[in-house]
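S.K.: These protein sequence lines are chains E and H, in that order.
Take 1 as the starting number for the first sequence in full-length UniProt numbering and just add one per residue.
Take 1 as the starting number for the second sequence in full-length UniProt numbering and just add one per residue.
Read the hints as simulated data drawn from the structure, not as lab findings.
All C-beta atoms in this analysis are idealised placements derived from N, C-alpha and C, irrespective of residue type, glycine included.
Careful, some of the hints might be misleading.
Below, computed lysine to aspartate or glutamate pairings styled on EDC-like, alpha-carbon distance capped at 20 Å [to be verified]:
id	chain 1	residue 1	chain 2	residue 2
1	E	K125	E	E146
2	E	K210	H	D282
3	E	K125	E	D90
4	E	K210	E	E87
5	E	K125	E	E87
6	E	K125	E	E114
7	E	K125	E	D23
8	E	K125	E	E77
9	E	K125	E	D103
10	E	K210	H	E266
11	E	K210	H	E271
12	E	K125	E	E138
13	E	K210	H	D227
14	E	K210	H	E98
15	E	K125	E	E52
Here's a subset of chain H near chain E, in silico, CB distances under 7 Å, partners left out [as the list claims (entries may be wrong)]:
id	residue
16	R191
17	H228
18	E238
19	Q241
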Amino acid sequence: MRLYGREFASRLLLGTALYPSPDILAACVRAASPALVTVSLRREGAGLRAGEGFWSLVRDLGVPVLPNTAGCHTAREAVTTAQMAREVFDTDWIKLEVIGESDTLQPDVFGLVEAARILSGEGFKVLPYTTEDLVVAERLLEAGCEVLMPWGAPIGSGRGLNNLFGLRALRAHFPEVPLVVDAGIGLPSHAAAAMELGYDAILLNTAVAKAGDPAAMARAFAQAIEAGRTAFLSDPMEGRDMASPSTPVFGRAVLA
Amino acid sequence: MSEPLRVLVLGAGVAGLVSALTLAERGAAVTLAERGPRIGSGASWQAGGMLAPWCEAETAPPEILLHGEASIDWWLAHVPDAAREGSLVLAPARDQGELVRFARRTEGHEWLDAEAIAVAEPSLAGRFTRALLYPREAHLDPRSALPALEARLRGLGGRVLLGADEPDRSVFDHIIDCRGFAARQTVSTLRGVRGEMLLLRCADFSLRRPVRLLHPRHPVYLVPRPDHVFMLGATMVESEQQGGITARAAMELLGAAYALHPALAEAEILETGAGLRPSYPDNMPRVQVLDARTLSVNGMHRHGYLLAPVLAAEVASLLNLQGGPELHT
């Protein structure tokens, strides 16, 4: 998978929040070998460097870090957080999140486009957390984004792919743009379904972090994502309404 | 009779006080040195004081259950205001799935229906239809428990130095470093996990036991203290930010308390607090041998009160001190 000109072996992006301990997070990373790990700056470090104890453990995971702007509610906040992230993690990659509604945590797409434009102008490689809306997607690409990350369902809800039609349409409209389903994935089957639609990668956190055995679940997701991708590339059959036996019935003896 | 072992314990939080007392009970000549002006000037003072191994096992490694009961017995035998009344776990109506999941992930509990909840906690009557009761869990008030440990230590001839520079280490046979997050320079894998809490007083509300309210975003617990005082906690933030509670944390904690019972909206806020839980990467406390004379008891994380007696017994056996109440069963 290629994002912003960089090649990744894995198609899983893993969040680092909510794990029982940093050791268990590290075990998940070993089990799933994600392409990137995302880490929140805002919640974890109200002051510059305050999150250092945890951030240094995240850096030690040996996986490129994708800082995020989780918890930001305005474009301005998100821009400031991204600038801080660039200093803390020495990277110009940013998962851009501008929250518009506190119950569903759905993105404020207006603030998102605004922040994406500012950050792209400053040389950031922006991975925006967005909805499956085609027009917003178009605007984000115009703003300089080279990757889009539509939600499957609200963050942490584990509901899977809420709008299959919309996600399919987005894939069809932007065949060349790397698309990552970000948020709402609860089960490996959800991840596999998104990959079968032709999505390029999956970003998830809660489904692994809150599992009874997080490392085993991380491995299950890695396998499902690989299976979904392989299936997509294998040109799956179309569904049909009528049964079609895989063994011919003609010429068989008819009993009774 | 041989000379008693001379031991210097650094830090008068829960780890230091329990270690010092355990060693004194086994015949050591203990000096407890605290840099702060009083005992419990760090994270221990802000703690909930829940002795809840079955609930904690939801996220903590299973070994947390190994010595839970023995540790609860230790506390009941050593401090006032400690009680084995169990603890109650609840979830708002729309998050019942969280309760089912919590039950699946833990043991040592029984289900209560609305009627049983009303009997167990009359203040919560009519508010919840289901709850999990962990009958063998206990709780204590850190602010009477720690002074009680200090008094016992002094009663056994232990010296307690407050607001003092560290004494000359060379006159001691052993040094036990229990400084918590302050020992970060010595113990490199230690990090701080910020926790924030409030103390409330609410005359119209009573609890016999700690109550945990599960919530996907803001889980909280409320621990009853004497005189209708309640400790409401606690956030878990991967931050080493010092300083007072944030507005966000106060809103989240109080919002969740209000969801538990609207009467708590009328509570008087007696105090807000924040502290850093010293934590290792596995979030479990441990005893480490730093050199031939020096041990470290640190990384108490959320488990200071629950596991301090276990670690203190481990320290005593590393120093070959026998006797005293046996903890390892």
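S.K.: Going through the numbered hints above, which ones does this structure break? Give me the numbers in ascending order.
M.R.: 4, 7, 9, 10, 11, 13, 15 and 17
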